[in-house]
Amino acid sequence: MRHNTYSRGLPGLALATVVMLCAALTLAFFYAPLDANQGFLQKIFYIHVPLAIIALCGFVFGAVMAIMYLRTGDRKWDMRSYVAIHMALIFGIAGLISGSIWAKASWGHWWVWQEPTLVSYLIVLLLFATYQPLRFSIEDPERQSLYASVFAIVAGAFVPLNFIAVRLATEYVHPRVLNLEGGNLPGPMKLTFYVALIGFALLYVTLWKFEMSAKHARAQVRRLRRTLLGDDAGRPYGRSAAPL
Amino acid sequence: MTTAPAIELRGLSRYFGERTALRDVSLTVPPGTTLAVLGRNGAGKSTLLRILASLLRPHSGDVEVFGEPLPRRAFAVRAKVGLLSHEPLLYRELTARENLDYHARLHRVAAGRVDEVLDAVEFQRRADDPVRTLSRGMVQRVAVCRAVLHQPALLLLDEPRANLDPAASALVEPLIGRPSGATRVLTSHDPQAALAEADMVLALKDGRIAYAGEPAGFSDIRLRELYA
Amino acid sequence: MRTAWVVLRKDLRVESRTLETLPAMILLALVTFVIFHFGLNRDTISGQEAAGVLTVALLFAAMLGINRLFVAEREQGGFDAFLLAPVDRSAMMVAKAAGLFIYLTVLEVIAVPAFGLFLLGPSLGRPLPGLVLVLVLTNIAFATIGTLVSGIAVNTRARDLIGPMIGLPLLVPALIGTARALGPLLAAGHATTSPPLKWLAILALYDLVFALLAYALFDFLLEE
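Protein chains in written order, with the numbering used here: chain L, 109 to 352; chain C, 28 to 255; chain Y, 175 to 398.
Where hints are given, some of them may not hold.
Claimed, not checked - Facing chain Y, according to a computed beta carbon distance under 10 Å, are these residues of chain C, among others: (1) Arg-84; (2) Gly-88; (3) Phe-102; (4) Leu-117.
Said to hold, decoys possible - Computed spacing ranges between beta-carbons, pair by pair: (5) L/Leu-234 with C/Pro-98: 36 to 42 Å; (6) L/Phe-244 with Y/Arg-191: 17 to 23 Å; (7) L/Cys-130 with Y/Glu-397: 46 to 52 Å; (8) C/Ser-53 with L/Arg-330: 25 to 31 Å.
In short, the hints are calculated from the structure, not lab data. Even for Gly, the Cβ is constructed at its ideal location relative to N, Cα and C.
Bound conformation, chain L alone:
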């Protein structure tokens, strides 16, 4: 089977992902201790936090790809940026939902304003949710890539500023449950957490490569058709948010 740049190594990567995620789930259910205060629902933490971290990294990754596009003008960077961001958004929404479940476990409510990370995270998601509608509303593909890249860079710069502002604005009525930097997690929890983090990171990379590979192949097919059959072969692309 012939591989393009994206699909090379994909089967191995997919396998590693499955292994890690299974390991993470096993550890979460059977190894990590039950939290005294929050009970079983606390275990959603091992899903929520990795998802959130990977999503934010994905947004930053997308912003870096966008910078490369503006610097080189090569459309493949824009494709990479697009896939990175929309994949990160999916992870992000999953992270938000799991975060809500975790909030229920910690505070008894499905949403709390007291957890600044959760709040800033919501704002970041609201911002990046506008990425695809923005792309879709620009018909000219060149311009779409340009504007989307500008947006991705601005939004990427926005993420840290937003976290700082929200963190400052939130009074700590409840003690913070999670301290990501120091990690006041006991040993077994820490291990489970890192395994989960690696598992989700691998999942992101695998899915990114998979989607890039599919889009790349599709673009190649269209190029071949046009070369062989002339410029008007094939239906023209309808308006789409994805780069051609």
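Using the hints provided, position chains C and Y relative to the given structure of chain L.
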């Protein structure tokens, strides 16, 4: 002494998404020439003009205007090129004089030049009325003023005679016609009129060159084929 | 920056002829105050509540200004006219942001006293210098993000929707900063007359980062 050609195109291509507007266009235009660009709607005429005006970037190939490559030397090119497009590029709420003043400042043109061009097209009387009160013919006259304000060596004229009656047409002739001495690229929906004025003809069909050369060699048959 | 001044002068001249944007902004702010009076069912408000209402009213008015910022250029060929000239393209960004800043300042000169008159409990006199300082920083934020977002939105299909859709989340840190900085200033009893330093710092940092980014990226919005 060899002077650089006014326009030099080598393998110029430009796409809009999957649609190819210009494909592999090569051409050399000596200074002082009048080039007529013919073709159906969508053949690539306006795209070519906009690339020469540095408003669009070429996607492949080389473009040089008076020896300056685009888009790298776009800054230098803009001072030498004047574009007259379908839109007059005038603000409707400002007067003709204020509009020209704005363009004069952007192009760093001397103060007296605005009056000079207004005099040339005999437009002083209504120069202080807002553009939205002017008729289309008057607007076109002011647009011509705008295009030649900075005395460009290359004039890109997209349907220059549109909306102009014979009197007005005669007025703008010294500014944008052959007497101006500039190299001119013009498009027109009236191919016969364009052919009559031209030293060189470029015929475009679906973005490709269908004919490039002397007007005499461009027979009626080819003309009909072009618009078929 | 001579070019920026030329463009700004032109914009101010057009606005003075049409009076499209500024009166609408002022009216919207005033109407918002009325709505809040009924919505909150209060005769006077103070403190953090007042800060929130004022911030929201300014935000609504700013959104109007932002939506209109590039429309004339788009519809009357102003972009082409500018792009044909041998000028630095970022100058347009500076000109538009400066214009928006000026509109917001004029708006506040009218709306803030009106707010003091209609809705605010404590008097505006003593906290006024602090208020001005905060609003200057806020206006810079609105002007910078507004110009960037408007520049993106003007070439899309759903022009009036895209602007606020992108702009509002981006403005959140600045809005937080504004509201929290104004809160203590508008509190009853005049406990403080100088705005809390940390919020001024946040606003200033926000302004700096996005002004630099917008200036660097604006060129790409004009390219084709």
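Quick rundown of the hints versus the structure:
1. For the restraint placing C/Arg-84 at the interface with chain Y, the shortest Cβ-Cβ distance is roughly 7 Å, inside the 10 Å limit, so the hint holds.
2. Against a cut-off of 10 Å between C-beta atoms, the interface hint on C/Gly-88 is violated, since the closest Cβ of chain Y lies about 17 Å away.
3. For C/Phe-102, the shortest C-beta to C-beta distance to chain Y is roughly 5 Å, which falls under 10 Å, so the interface hint holds.
4. With a cut of 10 Å, the hint placing C/Leu-117 at the interface with chain Y holds, because the nearest CB-to-CB distance is about 7 Å.
5. Separated by about 37 Å at the C-beta atoms, L/Leu-234 and C/Pro-98 satisfy the suggested range of 36 to 42 Å.
6. Taken as a hint, the range 17 to 23 Å is violated for the pair L/Phe-244 and Y/Arg-191, whose Cβ atoms sit roughly 36 Å apart.
7. At about 48 Å, the CB distance of L/Cys-130 to Y/Glu-397 agrees with the hint of 46 to 52 Å.
8. Restraint check, C/Ser-53 to L/Arg-330: a C-beta distance of roughly 27 Å satisfies the suggested window 25 to 31 Å.
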